[in-house]
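Novice: Here the sequence shown stands for residues 1 to 619, where the numbers follow the UniProt record's numbering.
Don't read these hints as lab results, they were simulated from the structure.
Since this is a predicted model, take the numbers as computed values, not measurements.
Even for Gly, the Cβ is constructed at its ideal location relative to N, Cα and C.
Careful, some of the hints might be misleading.
Straight line, CA to CA, 20 Å or less: simulated SDA-like cross-link-like pairs of lysine to any residue [stated by the list, open to error]:
| # | residue 1 | residue 2 |
| --- | --- | --- |
| 1 | 365 | 234 |
| 2 | 147 | 136 |
| 3 | 200 | 19 |
| 4 | 365 | 239 |
Ranges of calculated distance between the beta carbons of each label pair, as one might list FRET restraints [claimed, not checked]:
| # | residue 1 | residue 2 | range |
| --- | --- | --- | --- |
| 5 | 570 | 515 | 27 to 37 Å |
| 6 | 347 | 235 | 28 to 38 Å |
| 7 | 553 | 482 | 42 to 52 Å |
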Amino acid sequence: MGETKESGVEERPKWDNKFQYLLTCIGFAVGLGNVWRFPYLCQIYGGGAFLIPYLIALVFEGLPLLYLELAIGQRLRMGSIGVWNSISPLLGGVGGSMLVSFLVGMFYNTILAWVLWYFFHSFQNPLPWSTCPVNENQTGYNRECEKSTPVNYFWYRETLNITPDIEASGCLQWWMVVCLATAWSVVFICFIRGIASMGKAVYVTATFPYLVLTIFLVQALTLPGATDGLTYLFTPDWEILKNPQVWLDAATQIFFSLSVAFGGLIAFSSYNAERNDCERDAILVGVINSATSLYASIPIFSILGFKATNGFNACRQENILTLTNHFEFSDQNITLENYDHWFQFLNHRNPDVVSNLSLRDCVLKTFLDQSASGTGLAFIVFTEAVLEMPGSQIWAILFFVMLFSLGLSSMFGNIEGILTPISDLKLIPKWIPNELVTGIICSICFLLALIFAQGSGNYWVEVFNSYVGSVPLLIIAFFEIIGVIYVHGMKNFSEDIYFMTGRRPNIFWKACWMVISPLMLLVVLVAYVVVQAQTYPTYHTWNPDYDQFPKTEVKSYPDWVFAIIVLLCVVPVVSIPLVALYKLIRSRTTSSTQVEPVEPGPGSDPPNVSPGFASLSAG
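Generate the whole structure from the sequences, applying the supplied hints.
Specialist: In structure tokens, the structure reads:
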């Protein structure tokens with residue numbers, strides 16, 4: 001895949017050391033999804049039973065794709081567009097992953113803006129989401145807050161100032177614009193000198209979350225109810241494995257968790273020395289990523305178990321108060337410890353009376369079921385649990401610094417997935433410094449991301465999160481494998497790996513690349529499309545006028561939003577057939593205009609024919 005230097009071509013930048021490269025890859029792969037989506041999937045899909053399809057997907061889908069991307073980036077030493085043009089001009093459209101990185105980076109950094117907003121408010125005592133604000137007349141608390149909870153109110157009203165639905169855009173929220181500008185400024189500062197500055201920043205952003213997770217782990221395991229949370233998380237429900245949706249979610253989770261098909265990993269590995277053990281790197285990054293998901297689940301569900309236990313006990317305290325008032329018992333008669341005994345006794349003696357008291361149904365599992373994923377876990381469930389922990393300000397600060405570090409290291413991969421292809425295509429004149437190019441890209445992203453700073457911003461984040469990182473990535477990854485294994489050729493790719501690592505891929509890797517992985521991708525893609533086609537897409541709205549408020553109201557997306565959803569799925573991959581068709585027509589037109597080939601003279605340049613990937617494997 002070419003020499004490091006060519007005449008007239010400046011040498012490609014390199015990582016300072018191998019550890020820096022691995023930290024960057026791990027930081028890109030390990031993101032917010034490891035903290036708030038993986039534990040949620042374990043919870044709803046049979047606890048420990050979910051690990052079976054998850055590990056199968058990791059071994060036969062995730063690791064082979066990760067290995068392939070690290071190998072082609074390292075051997076060709078180019079970004080995503082350059083790589084696929086080198087393999088075959090017909091595959092140049094696979095570099096559309098650059099557009100996926102661009103779209104994902106826009107909404108992903110909005111989440112970091114939300115994290116900054118909460119981080120700034122975490123220094124207040126008491127925390128601002130602990131109580132409801134007073135109403136305009138100073139005669140009581142805000143009605144919307146009282147009807148929901150202070151935590152919900154701070155998220156939906158004080159942070160998002162959310163509109164009733166996606167069609168009501170609302171105005172720009174100035175505090176979100178400031179936080180968004182701050183988030184993009186941090187990304188720019190860390191990225192201002194490319195891998196030179198990013199490589200230094202990753203020492204903090206990739207390691208600090210593990211320190212915080214460990215601190216949370218120690219604290220969480222000592223909380224009342226932590227055991228209940230862990231039992232709930234890891235108790236296997238083997239029957240759930242009969243549900244095809246479990247296997248579909250496991251396959252997509254490991255796929256998106258490893259951040260393959262974004263182009264960022266190809267870009268990162270392109271700065272490696274050519275002779276580097278990329279197989280070992282792929283296994284190390286993949287295993288650490290999955291182990292982090294499991295490691296993060298323990299403190300997260302210990303804290304959720306603590307929250308559920310407090311809610312369960314508060315429920316029973318309400319019932320105790322009702323029973324003691326009605327039967328005129330002393331407060332010392334019925335306690336949390338003997339509640340079950342007294343309830344059974346009174347229910348046996350006076351069943352009609354007890355049934356008419358409208359006692360709450362207090363079941364611990366019901367409170368455990370109320371956990372959430374995504375933004376709901378970070379900004380609602382966890383912030384509420386923090387309120388009940390001693391030294392809540394400290395835990396809030398640590399939690400949001402951890403989230404920011406996780407998100408920032410993932411943003412490095414998204415930005416690199418944009419800048420490296422632009423650099424390799426030589427779209428920017430040489431006299432324009434890289435710092436200016438980075439600033440322009442970040443500024444464009446910030447301006448376009450202002451749609452997420454409106455009152456309807458959270459709805460648009462959900463749209464981008466659900467559809468940009470789904471079908472496009474599956475299609476891109478499928479063509480990546482087809483391009484390398486069946487266009488470039490398995491034999492040539494084996495020689496490339498032999499040149500880099502000193503050994504050829506074993507039968508496991510070959511079987512995955514040639515059959516198992518593309519077949520799994522195809523099945524997941526078809527199954528995903530079928531599932532999505534069966535129902536019209538819906539979303540949850542926060543509408544204070546809704547009859548069942550504070551429950552979120554489920555609405556269908558308007559037709560014009562559905563059209564945008566289709567565009568978000570199609571635009572990043574439409575370049576694959578269009579580029580192939582353009583190159584095919586152009587090659588035939590060129591060949592038809594040539595009367596006879598011209599033999600090159602001594603010392604002249606060879607014909608302008610793309611050598612592809614194969615001729616470069618001779619090393």
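Novice: Between the beta carbons of residue 553 and residue 482, is the distance compatible with 42 to 52 Å?
Specialist: Holds: the Cβ-Cβ distance is about 43 Å, inside 42 to 52 Å.
Novice: Given a hinted range of 27 to 37 Å, is it respected by the beta-carbon distance of residue 570 and residue 515?
Specialist: holds (28 Å)
Novice: Holds or violated: are the alpha carbons of residue 200 and residue 19 at most 20 Å from each other?
Specialist: Since the Cα atoms of residue 200 and residue 19 sit roughly 11 Å apart, the hinted pair holds (cutoff 20 Å).
Novice: For the pair supplied as a hint, residue 147 and residue 136, is the alpha-carbon distance within the 20 Å limit?
Specialist: Holds - the C-alpha atoms of residue 136 and residue 147 are around 16 Å apart, at most 20 Å.
Novice: Given the hint that residue 365 pairs with residue 239, test it: the Cα-Cα distance must not exceed 20 Å.
Specialist: Roughly 18 Å separates the two Cα atoms, so the pair holds.
Novice: Does residue 234 sit within 20 Å of residue 365, going by the straight-line distance between their CA atoms?
Specialist: Roughly 14 Å separates the two Cα atoms, so the pair holds.
Novice: Could you say whether the range 28 to 38 Å given as a hint is met by the Cβ separation of residue 347 and residue 235?
Specialist: Holds: the Cβ-Cβ distance is about 29 Å, inside 28 to 38 Å.
Violated hints are absent here; each numbered hint is respected by the structure.
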